[in-house]
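Engineer: Spelled out, the chains give:
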Amino acid sequence: MSGETTLARSGRLAVALIGGYAFTAGLVAMIGAGLPHWGMERVEAATLGAILGLPAYLVIIIWVASSVRPLRTALVIVVAALTMILLAPMLAGGA
Amino acid sequence: MISERFRQSMGWLHTWLGIALSAVLFAVFWTGTLTVFDKEIDQWMKPELRIASADNVSLDSLVLQRVATFDTGPDSVIWIGPPRDRQSVIRLFYDDAAGESHEELIDPHNGKLIKPTDSDAGEFFFRFHFMLHLPDGIGYYVVGLAALGMMILIISGIFIHRKIFQEFFTFRPKKRARRAVLDFHNLTGVIALPFHFLIPFSGLLILATTYLPWSMGVPYQGDLKQLRTDQLGYEERKIEPAGVPGGAIAAIDRYRDRAEAIWRSEEGRASSSAEWIAIFNPKDANAYVMIERYFPDRRVAIGPDQLTFDLRSGDIIGRFAPQPVNYVNNWIEGLHWIQFDHWPLRWLYFLAGLSGCAMIGSGLLFWIEARLSKGRMDPASVRVVRAISIGSITGIIVATCAFLIANRLLPKVIGFTDVPRHEIEIGIFFGTWFMTFAHAALRRKKAWRDQSIFIAVGAGAAVLLNWLTTGMHPVAAIDGAIWPVAAMDALLLGGAAFAVLAARRLGRSGQGAVTDPARPREESDIAAGQAV
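Just so you know, the sequences run in chain order A and B.
Take 1 as the starting number for the first sequence in this note's numbering and just add one per residue.
Take 1001 as the starting number for the second sequence in this note's numbering and just add one per residue.
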């Protein structure tokens, strides 16, 4: 970490904030779209998504900032984010 | 066990976010702290609102006649807010037939209309707190990013310090100034740690649909309006207007009493009272009323709790209360809104807010001094960074004093310009704030001391001007039990005294925090200082 260039650190911050946002957006949408399938009302599921999404965002940022293999971490986050963002509307459509 | 590597990564995260966000965070914390006493600021800046509280106010006799004269359309809504603990006037809101919004304030003792001084007062700080007075909602996103950063700063700050709780009990004001600044940063950070974390968290949650519009809309196929309706209930009209004129509304007190009796029977004697009475379709045969508690006065969790009555039959035709998850959400949001009546807690919020300001300010100061001591900044950068810091910290406080002074000096009716009075006040706030940055760039390190003196003089002048323009000096305010004014004056005088002490201390040390390039590194500086 202490040997990293400014560019590498900026990259970490960008992945943490932007990738983290995408992950959070996907997770919140998944919770909101998924839980109604188990009988929770939409308004409750959407709100629960927001409550849980924020702490998830924090965990992602800390993870990216401290990761020993930042590229792999970034890849995992981006793939997970995209998967959830694509999946959530389909889940909602089926409800 | 936390590795040294992890601690170092938290160090650079803390430093980067700290530098990037300190100025915004300080402004948000400062205005948020002031907003804790927004209604009291209102009474100070709009002397017409300094009215003793009234008990058992009958809205039937005080406002219904007036409400009947409003030029409302067939599907208008009239909102009536009875007096509350921190707001003794009755508030009326409605849209007229042309769709224009109106607000009226009524004296609860005699039903007379009150024309307050045209000032945004506490509302200005409230709006600045989450919108920064920037156009197009840009402020929402800047503040949101700052709130997110604040939570990361708190988490990384805990990890940086190996012995955070031991350091909490360490304060060495007589030691090297730089060391004292760091001790102070740790002390103010830890003393209200849960507050410093919960405030940005709850703030983000309040604006969740703004920050996560797509995600929140997914279960609703993008229909955020329907989401708001499900969260807040009242967007949907219970009965459409009949199109036939109805008689004047004769009574609303009885519906308020019934709603409060129902809440009392469910929640016990300490249940909250009605906050709003809304009359829907007011001049139509199908008029109905809704009794609402949006910010309940004796409960942390905000509402809305609503009971809707059909005026023709007197029956309850609708009932809304948040479901469990939303109730949890509203409890967290309620922590942020602090609209419940609890004076000791309100003062603790104020003190915790000030400790947040102190934490942010001292963190920024420590960073500057740490960089300076290593001689890693050229003089021009030092000048810029220091001017930004001084303007962000003492500058906004000077601007706040100028805002209060302008409010007392400007005549109630301004003849020489068409600019509304409240906008002139805001212009003076920003003009003064801007000048504090310029002043700091010119005076360099001496600006800390100068601006402390400005604050002392400004806060003292505000108290004096309030006395001269309203005749209410601090003793008279206490004597007349006008507590909002008494407390505002006391805080201004206390702030002035504190600023004098700060200026004296800054004067003694010659030039603010002393730097000591030759000193050996101390343990907890390593992560914070070295990581840059």
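To be clear, the hints were calculated from the coordinates, so they are not data collected in a lab.
Every residue, glycine too, gets a C-beta built ideally from N, C-alpha and C.
Some hints could be false.
[Said to hold, decoys possible] Each computed SDA-like pair below joins lysine to any residue, with the alpha-carbon atoms no more than 25 Å apart:
| id | chain 1 | residue 1 | chain 2 | residue 2 |
| --- | --- | --- | --- | --- |
| 1 | B | Lys1374 | A | Ala8 |
| 2 | B | Lys1225 | A | Ile85 |
| 3 | B | Lys1225 | A | Leu48 |
| 4 | B | Lys1238 | B | Arg1091 |
| 5 | B | Lys1225 | A | Thr5 |
| 6 | B | Lys1112 | B | Ala1250 |
| 7 | B | Lys1225 | A | Arg9 |
| 8 | B | Lys1374 | B | Lys1039 |
| 9 | B | Lys1225 | A | Thr6 |
| 10 | B | Lys1238 | A | Leu52 |
| 11 | B | Lys1225 | A | Ile51 |
| 12 | B | Lys1225 | A | Leu58 |
| 13 | B | Lys1225 | A | Leu91 |
| 14 | B | Lys1039 | B | Ile1155 |
| 15 | B | Lys1374 | A | Glu41 |
| 16 | B | Lys1039 | B | His1473 |
| 17 | B | Lys1446 | B | Arg1504 |
| 18 | B | Lys1238 | A | Ala22 |
| 19 | B | Lys1374 | A | Arg9 |
| 20 | B | Lys1112 | B | Val1067 |
| 21 | B | Lys1446 | B | Arg1172 |
| 22 | B | Lys1374 | A | Gly39 |
| 23 | B | Lys1112 | B | Ser1058 |
| 24 | B | Lys1225 | A | Pro36 |
| 25 | B | Lys1238 | B | Ala1270 |
| 26 | B | Lys1225 | A | Arg42 |
| 27 | B | Lys1412 | B | Asp1118 |
| 28 | B | Lys1374 | A | Pro36 |
| 29 | B | Lys1039 | B | Phe1295 |
| 30 | B | Lys1225 | A | Gly39 |
| 31 | B | Lys1374 | A | Thr6 |
| 32 | B | Lys1225 | A | Glu4 |
| 33 | B | Lys1225 | A | Met90 |
| 34 | B | Lys1225 | B | Ile1206 |
| 35 | B | Lys1445 | B | Ala1358 |
| 36 | B | Lys1374 | A | Thr5 |
| 37 | B | Lys1225 | A | Leu52 |
[To be verified] Residues from chain A that keep clear of chain B, each with C-beta distances beyond 10 Å, as calculated:
| id | residue |
| --- | --- |
| 38 | Ala29 |
| 39 | Gly32 |
| 40 | Gly39 |
Engineer: For each hint, tell me whether it holds in the structure or not.
Structural biologist: Results for each hint:
1. Straight-line distance between C-alpha atoms of B/Lys1374 and A/Ala8 comes to about 24 Å, which keeps the hinted pair within the 25 Å bound.
2. Only pairs whose Cα atoms come within 25 Å are accepted, and B/Lys1225 paired with A/Ile85 is accepted, the gap being roughly 21 Å.
3. For a cut-off of 25 Å, the pair hint linking B/Lys1225 to A/Leu48 stands: about 18 Å separates their Cα positions.
4. Taking the CA atoms of B/Lys1238 and B/Arg1091, the gap is about 24 Å. The hint holds against a cut of 25 Å.
5. For a cut-off of 25 Å, the pair hint linking B/Lys1225 to A/Thr5 is broken: about 46 Å separates their Cα positions.
6. Restraint check for B/Lys1112 and B/Ala1250: satisfied, since their Cα atoms lie roughly 19 Å apart, inside the 25 Å limit.
7. Only pairs whose Cα atoms come within 25 Å are accepted, and B/Lys1225 paired with A/Arg9 is rejected, the gap being roughly 40 Å.
8. For the suggested pair B/Lys1374 and B/Lys1039, the alpha carbons sit about 47 Å apart, so the restraint of at most 25 Å is broken.
9. A distance of roughly 43 Å separates the Cα atoms of B/Lys1225 and A/Thr6; the hinted pair therefore is violated under the 25 Å criterion.
10. For the given pair, B/Lys1238 sits about 33 Å from A/Leu52 by alpha-carbon distance, which is inconsistent with the 25 Å threshold.
11. Annotation: proposed proximity of B/Lys1225 to A/Ile51 holds, straight-line Cα distance about 20 Å (limit 25 Å).
12. A threshold of 25 Å between alpha carbons decides the hint, and for B/Lys1225 with A/Leu58 the separation of about 28 Å lies outside it, so the pair is violated.
13. At most 25 Å may separate the alpha-carbon atoms for a hinted pair to count; B/Lys1225 and A/Leu91 meet this at roughly 21 Å.
14. Restraint check for B/Lys1039 and B/Ile1155: the C-alpha separation of about 33 Å exceeds 25 Å, so the hint is violated.
15. Taking the CA atoms of B/Lys1374 and A/Glu41, the gap is near 58 Å; set against the 25 Å cutoff, the hint is violated.
16. Under the criterion of a C-alpha separation no larger than 25 Å, the hint pairing B/Lys1039 with B/His1473 is consistent with the structure, at around 19 Å.
17. Proximity of B/Lys1446 to B/Arg1504 is assessed by CA-CA distance (about 12 Å); at most 25 Å being required, the pair is judged to hold.
18. For the given pair, B/Lys1238 sits about 39 Å from A/Ala22 by alpha-carbon distance, which is inconsistent with the 25 Å threshold.
19. For the suggested pair B/Lys1374 and A/Arg9, the alpha carbons sit about 22 Å apart, so the restraint of at most 25 Å is met.
20. A distance of roughly 13 Å separates the Cα atoms of B/Lys1112 and B/Val1067; the hinted pair therefore holds under the 25 Å criterion.
21. Between B/Lys1446 and B/Arg1172 the CA atoms are separated by roughly 24 Å; this keeps the pair inside 25 Å, and the hint holds.
22. About 61 Å separates the Cα atoms of B/Lys1374 and A/Gly39, which puts this hinted pair outside 25 Å; it is violated.
23. With a CA separation close to 14 Å, the supplied pair B/Lys1112 and B/Ser1058 stays within the 25 Å bound.
24. Restraint check for B/Lys1225 and A/Pro36: satisfied, since their Cα atoms lie roughly 19 Å apart, inside the 25 Å limit.
25. For the suggested pair B/Lys1238 and B/Ala1270, the alpha carbons sit about 30 Å apart, so the restraint of at most 25 Å is broken.
26. For the suggested pair B/Lys1225 and A/Arg42, the alpha carbons sit about 13 Å apart, so the restraint of at most 25 Å is met.
27. About 7 Å separates the Cα atoms of B/Lys1412 and B/Asp1118, which keeps this hinted pair within 25 Å; it holds.
28. The suggested pairing of B/Lys1374 with A/Pro36 is violated, with an alpha-carbon distance near 58 Å, which exceeds 25 Å.
29. At most 25 Å may separate the alpha-carbon atoms for a hinted pair to count; B/Lys1039 and B/Phe1295 meet this at roughly 14 Å.
30. Taken as a hint, the B/Lys1225 and A/Gly39 pair is honoured in the structure, with Cα atoms around 22 Å apart against an allowance of 25 Å.
31. At most 25 Å may separate the alpha-carbon atoms for a hinted pair to count; B/Lys1374 and A/Thr6 meet this at roughly 19 Å.
32. For the given pair, B/Lys1225 sits about 47 Å from A/Glu4 by alpha-carbon distance, which is inconsistent with the 25 Å threshold.
33. Distance check on the hinted pair: B/Lys1225 and A/Met90 sit about 21 Å apart at the alpha-carbon level, within 25 Å; holds.
34. For the suggested pair B/Lys1225 and B/Ile1206, the alpha carbons sit about 16 Å apart, so the restraint of at most 25 Å is met.
35. With a CA separation close to 19 Å, the supplied pair B/Lys1445 and B/Ala1358 stays within the 25 Å bound.
36. Distance hint between B/Lys1374 and A/Thr5 is fulfilled; the C-alpha atoms sit about 20 Å from each other, no more than 25 Å.
37. With a C-alpha separation of about 22 Å, the suggested pairing of B/Lys1225 with A/Leu52 holds against the 25 Å cut-off.
38. The beta carbon of A/Ala29 sits about 4 Å from the closest Cβ of chain B, which is not more than 10 Å, so the claim that it is off the interface is violated.
39. With a closest Cβ-Cβ approach of about 4 Å to chain B, A/Gly32 is found to fall inside the 10 Å limit, against its non-interface label.
40. Every CB of chain B lies more than 10 Å from the CB of A/Gly39, the least distance being 13 Å, so the non-interface label holds.
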